[in-house]
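Visitor: Residue-level listing of the chains:
Protein chains: 2
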Amino acid sequence: MLEKISNIISNTFPFLKEKRLLIAISGGLDSVVLTRLLSTLKFDITLAHCNFNLRGIESNLDAIFVEELAKELAVKCFSTSFKTEKLAKEKKESTQIAARNLRYHWFQEISARHHFDYILTAHHADDNLETFLINLTRGTGLAGFTGIPPVHGNVIRPLLQFSREEILHFAKENNICWREDQSNASTKYLRNKIRHKILPVLKDINPNMLASFSKTLENLQESAQIISDRIEETSLKICFEENGVTKFKISEILKLSNPKAYLFQFLKAYHFSEFKDVYNLLSAQSGKHILSSTHVLLKDREFLILSERKLSNSSDTLFQILEDTPKITNPIHLNFEEVTEQSAPDKKSIYVSKKSLKFPLIVRKWKNGDYFYPLGMQGKKKLSKYFKDEKLSLIEKQNQWLLCDANDAIIWIIGMRKDNRFDVRSNTGIIEISSQ
Amino acid sequence: MLEKISNIISNTFPFLKEKRLLIAISGGLDSVVLTRLLSTLKFDITLAHCNFNLRGIESNLDAIFVEELAKELAVKCFSTSFKTEKLAKEKKESTQIAARNLRYHWFQEISARHHFDYILTAHHADDNLETFLINLTRGTGLAGFTGIPPVHGNVIRPLLQFSREEILHFAKENNICWREDQSNASTKYLRNKIRHKILPVLKDINPNMLASFSKTLENLQESAQIISDRIEETSLKICFEENGVTKFKISEILKLSNPKAYLFQFLKAYHFSEFKDVYNLLSAQSGKHILSSTHVLLKDREFLILSERKLSNSSDTLFQILEDTPKITNPIHLNFEEVTEQSAPDKKSIYVSKKSLKFPLIVRKWKNGDYFYPLGMQGKKKLSKYFKDEKLSLIEKQNQWLLCDANDAIIWIIGMRKDNRFDVRSNTGIIEISSQ
Numbered sequence: 176m177l178e179k180i181s182n183i184i185s186n187t188f189p190f191l192k193e194k195r196l197l198i199a200i201s202g203g204l205d206s207v208v209l210t211r212l213l214s215t216l217k218f219d220i221t222l223a224h225c226n227f228n229l230r231g232i233e234s235n236l237d238a239i240f241v242e243e244l245a246k247e248l249a250v251k252c253f254s255t256s257f258k259t260e261k262l263a264k265e266k267k268e269s270t271q272i273a274a275r276n277l278r279y280h281w282f283q284e285i286s287a288r289h290h291f292d293y294i295l296t297a298h299h300a301d302d303n304l305e306t307f308l309i310n311l312t313r314g315t316g317l318a319g320f321t322g323i324p325p326v327h328g329n330v331i332r333p334l335l336q337f338s339r340e341e342i343l344h345f346a347k348e349n350n351i352c353w354r355e356d357q358s359n360a361s362t363k364y365l366r367n368k369i370r371h372k373i374l375p376v377l378k379d380i381n382p383n384m385l386a387s388f389s390k391t392l393e394n395l396q397e398s399a400q401i402i403s404d405r406i407e408e409t410s411l412k413i414c415f416e417e418n419g420v421t422k423f424k425i426s427e428i429l430k431l432s433n434p435k436a437y438l439f440q441f442l443k444a445y446h447f448s449e450f451k452d453v454y455n456l457l458s459a460q461s462g463k464h465i466l467s468s469t470h471v472l473l474k475d476r477e478f479l480i481l482s483e484r485k486l487s488n489s490s491d492t493l494f495q496i497l498e499d500t501p502k503i504t505n506p507i508h509l510n511f512e513e514v515t516e517q518s519a520p521d522k523k524s525i526y527v528s529k530k531s532l533k534f535p536l537i538v539r540k541w542k543n544g545d546y547f548y549p550l551g552m553q554g555k556k557k558l559s560k561y562f563k564d565e566k567l568s569l570i571e572k573q574n575q576w577l578l579c580d581a582n583d584a585i586i587w588i589i590g591m592r593k594d595n596r597f598d599v600r601s602n603t604g605i606i607e608i609s610s611q
Numbered sequence: 176m177l178e179k180i181s182n183i184i185s186n187t188f189p190f191l192k193e194k195r196l197l198i199a200i201s202g203g204l205d206s207v208v209l210t211r212l213l214s215t216l217k218f219d220i221t222l223a224h225c226n227f228n229l230r231g232i233e234s235n236l237d238a239i240f241v242e243e244l245a246k247e248l249a250v251k252c253f254s255t256s257f258k259t260e261k262l263a264k265e266k267k268e269s270t271q272i273a274a275r276n277l278r279y280h281w282f283q284e285i286s287a288r289h290h291f292d293y294i295l296t297a298h299h300a301d302d303n304l305e306t307f308l309i310n311l312t313r314g315t316g317l318a319g320f321t322g323i324p325p326v327h328g329n330v331i332r333p334l335l336q337f338s339r340e341e342i343l344h345f346a347k348e349n350n351i352c353w354r355e356d357q358s359n360a361s362t363k364y365l366r367n368k369i370r371h372k373i374l375p376v377l378k379d380i381n382p383n384m385l386a387s388f389s390k391t392l393e394n395l396q397e398s399a400q401i402i403s404d405r406i407e408e409t410s411l412k413i414c415f416e417e418n419g420v421t422k423f424k425i426s427e428i429l430k431l432s433n434p435k436a437y438l439f440q441f442l443k444a445y446h447f448s449e450f451k452d453v454y455n456l457l458s459a460q461s462g463k464h465i466l467s468s469t470h471v472l473l474k475d476r477e478f479l480i481l482s483e484r485k486l487s488n489s490s491d492t493l494f495q496i497l498e499d500t501p502k503i504t505n506p507i508h509l510n511f512e513e514v515t516e517q518s519a520p521d522k523k524s525i526y527v528s529k530k531s532l533k534f535p536l537i538v539r540k541w542k543n544g545d546y547f548y549p550l551g552m553q554g555k556k557k558l559s560k561y562f563k564d565e566k567l568s569l570i571e572k573q574n575q576w577l578l579c580d581a582n583d584a585i586i587w588i589i590g591m592r593k594d595n596r597f598d599v600r601s602n603t604g605i606i607e608i609s610s611q
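So the sequence lines, in the order shown, correspond to chains A and B. The first sequence lines up with residues 176 to 611 when you count with the working numbering. The second sequence lines up with residues 176 to 611 when you count with the working numbering.
Keep in mind that the hints were calculated from the coordinates and are not lab data. Treat the hints with care, since some could be wrong.
Note that identical chains are pooled: a pair holds if it fits in a single copy or bridges any two copies.
Claimed, not checked - List of simulated lysine-lysine pairs, PhoX-like, C-alpha gap at most 25 Å:
#: 1; residue 1: K435; residue 2: K390
#: 2; residue 1: K572; residue 2: K463
#: 3; residue 1: K179; residue 2: K451
#: 4; residue 1: K540; residue 2: K555
#: 5; residue 1: K179; residue 2: K390
#: 6; residue 1: K560; residue 2: K542
#: 7; residue 1: K529; residue 2: K555
Generate coordinates for the entire structure from the input sequences, incorporating the hints supplied.
Guide: Here is the structure:
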């Protein structure tokens, strides 16, 4: 196994040589074998151990075991301790998910603070097949079947090509000690159920199961690559960026062989889950939209418009402008200047009578019930009606800033329309307000 | 269940209405329930039962049971009987594969002979998951994970959305009798191992396993659709048909993100299995080739050339042409005509001196050691050397016909070069031989 791992590292991970490596070690079989292999191969390793306090005294003994191992190998060891169950309850996560998040977060923190090049974990081929089956039980797509990546950012998994059996065999042959985690034997946990009840049947059916599976993963990864090529190429025709949002041309989406399948690929990174709803949006009324945890997808005439949800959260925010402020730069650029005459009209600036303004002025987003007195029209108009007439999409409405006076009267729908009440009626006390 | 199947048929298989349906029935739970459902819904059904004689008297009792059911429902029933084990041994197939082939072949035969519109089988959701797992144990790719198709040619599977449990529940609730196949309980067979040892664990982990799995299959089918779009589009740039072979431009293949992945997609229908070898062919010497059971893939300078293997098998065949034959049409078209003068030279015809010909003439493929006396050259030349100089590919060489005389002397490399020995040397006895 020493020779095999040495070859694998040379061929698959040649970049590890001479680098500072942080090994995530539980004290269990896999991570202890990984540590001893890399120590023997004279890599520059440091250990990092999390005590999750999930198994009482046993957890503490794991931590001591890892420290002793570090001493024996004369390598440095970082360790930490978490009240995992308490934290999991607070975050309403399962213990296993909470432990996973705590672990990776801490490893990355140590790695950044102490300038490690890579974090190494001891995942092996059995883990990979277990994850495949876990995803199968939950319902998944191709992405759930392409396996644990051997390289993911700065996390490297050098043992992915080894079976649990190979690792165990190496440990026994070399009189390596490790800490047995009794909870691994319990079938209470999902992964253990699959490990103890399903994997043995699959390996009985095909003694070379893991080799076949490795080939299967390679095939599925190749399929994913072809899909990614197709999506990259198609997106050139389908969508474009504009004003910080992404617009998808509905007419082009409908020309595709399977619009729902493509919508999934275009939008999967944005946390949408119900792709039937996304698909139905193609034929929905303009103005309908779907929310994910992070994004909003809006049907707007011939487009689907994707934008971040935080845009809509800023609608409550007010920005005050005190008298004699020459300019503001947040949330947008506005310049205020006293002038003696007006230039030709321009969407980017307005002229107002200084006398008519009550300070502090306010910059804010629109809200329901807003109205104004459009310059050049008789009487007042609801902002919602004005936006509709101007055919603003939901996103554009959310992005639109208003300049109001201290009484919350709208002075300017910035860049669009001035209010009649603030118009210049004499040649003195003229203020030019310009955006950007 | 009656209502659900009625809805499924209306929505998914509306074309079944008023059609002549042949139900493949074993006498087991699934096919008996399918038969009774469709009978109740007043479809035009006929039964077809195969006796595989694998379970002695039990097999005969199955056949009797199906005949009784047909009588009860007042529908026609076809039945047949196979010596399955004997046939399997002869064909060196497993009993299960042999039974499967016999069954589908016979159903199609009955269907064609008696003008049925569709053949119906009773595959259900559990079968689908079992097949997925069987493919997983063998090693597979995306195609092995997209499920049993509900419609495949004239074979329809209306129960694919039902679980085995639902079907059993319906049978018990409606006092339906069926024949229990004892071999289904044995875990000797691969499928039964998966059915009895793995499916229960998966269903224990996720009680809605089959619903999740159905969504998984839909996702994977959509992925397969996108790949198929990409391959169709890419192949426009990569390959073209010429002279009955397909040529792939190596330079274009090498521009793709993952040439091996694309080669698999381009060539998977032609029974190649070792795609690393196929990939290596891209950089191999011109003339190297790989054989599948049906096709040959040849590296020829800047192309990979795909052709059917049967081309090379015809190299032993000789076609005789007797004296005074005006024309032949097999294996190629050749016309023989006495003329009084020669027209301008033309690759499609030659003029020979009748006197010089020894009948019967022969049309054949080239063989090692062939030589001729090229018109316009001094002396003789090996055909292999001539072909090399003319840059013929292996496939083109295999496709090339020669016209020889009774002594096997080459008269004409048809469409390419005439032999000096048969040239016209007087104005009488000229024969024009033309290959249209």
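Visitor: Hint compliance check: list the failing hint numbers for this structure, sorted ascending.
Guide: none
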